[in-house]
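Fit chain W to the supplied structure of chain S, relying on the hints for placement.
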Amino acid sequence: MEWPGLGSAFWLQLTRDLRLAFRHIGQAANPLMFFVMVTTLFPLALSPAPELLEAIAPGVIWVSALLASLLAAESLFRQDVEDGTMEQLALSPQPLSLLLLAKTTSHWLMTGLPLVLMAPVVGHALFLPTEAIPATMLALLLATPVLSLAGAVMAALTVGLRRGGGLLSLLILPVVMPVLIFGARATDMAMQALDVSGVMYLLAAVLLLAISLAPAGMAAAMRISLD
Amino acid sequence: MAEDTAVLLEGKDLELWRGETRLFSKVSFQLKAGELLHIVGPNGCGKTSLLRVLCGLTLPETGEVYWQGKKLARNRANFHASTCYLGHRESLKADLTAEENLVFQLGLRCWLSPADIHGALERVGLTGRRTVPARSLSAGQKRRVSLARALASGAKLWILDEPYTNLDVAGRELVDQMMSEHLGRDGLVLLVAHQAHGVADGVRRRLELG
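Protein chains in written order, with this note's numbering: chain S, 1 to 227; chain W, 1001 to 1210.
Looking at chain S on its own, in the form it has when it is part of the complex (with noise of 0.2 angstroms):
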């Protein structure tokens, strides 16, 4: 029996669930409204002190961040195991892992993608220096899909669960603690003028190895779950 190659069905998986998530624009943005609202809320609630808001503002752009990526993790998985599409994924002849990880791909599209593309604008409001915008992009460019992949696979442990959502938020901190302390250093460095290709080089290879070991994590924890 022959099927369709690794990649037509990556392509495949990713292009449903982008389609299915422009068809909930709504929806698929909440995180991103997430990660504006709670970083302009501060200097509201503060005050508008450029000193302050500067020295606060590596710390509550990486905080909202790593907030809004779990609040998206929650409905990864859950629609799909929801209406038995899951299980037809389980028992297609490809890899669950492969289109597993093109769904955490097109959910980082969605949700961590726009909030890369908003730093500068979240940056300005508090003020960050504009020579640590680039740093903090790049850095966030590196460290929201290592939050996606984490998040992807404790989705795919609780998703069995009817409330797994305290849970899932407890599981994944701890995993995703490292991330949030170089993003933060990147930031930080990049304001002081130091040299952050340290920290970069320790994100990426953060999230080389969540690339390559999240994808068999999520099938094990996802054939679990669909026991």
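One or more hints might be untrue.
[Claimed, not checked] Pulled a few chain W residues facing chain S out of the computed Cβ check, cut under 8 angstroms:
id, residue
1, Leu1057
2, Tyr1085
3, Leu1092
[As the list claims (entries may be wrong)] Footprint (simulated), chain W over chain S, 3 or more residues, beta carbon under 8 angstroms:
id, region
4, 12-23
5, 79-85
6, 211-219
Derived by calculation from the structure, the hints in this document are not laboratory data. In this text the structure is predicted, and so the values were computed from the model without any measurement. Glycine is no exception: its CB is placed at the ideal position from the N, C-alpha and C atoms.
Okay, now just chain W, sitting in the frame of chain S:
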């Protein structure tokens, strides 16, 4: 021909527990090309669970399922390429049309032209509804989309869980007709249904659970 008479699907001593209750034990059967196995039993005796074990979604407590003589776990991609499972749920994305749903689901397993998919949808009587989002189809029409999936998949083994649900009289006849033709092409059918099926020829067998 030797290949035609070989046992394709075999379950050996299957046993499944759900929590503290034993759903079934010592279930064994063999299925050859052109045969239909009708699984019957009262509600809650584990018919659907048995189907899920047989298609590899659930692991049995003991026992093994063999496809073409090889253990399922070692032969997963090959087995899933030759299997089509119609479960309780229709596995349709509500926001995609019937056609888009089929293009995606079948695209993962075989190369099909749009004409093949139109043909299958025409056969189940949904030609006029193929560009309607699945959420506005009726329950019976959704079931017909699933039937079209089985038709177009080219799978050797059909695993059908209550295929008659929600279908009108003509729809139930269509299911019987589809199964007869499939058996005529040396296909295999695993059927869970409370009512008697109307398949006339082919080798029919019954497995009673509970």
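Tell me, which hint numbers fail for this structure? 6
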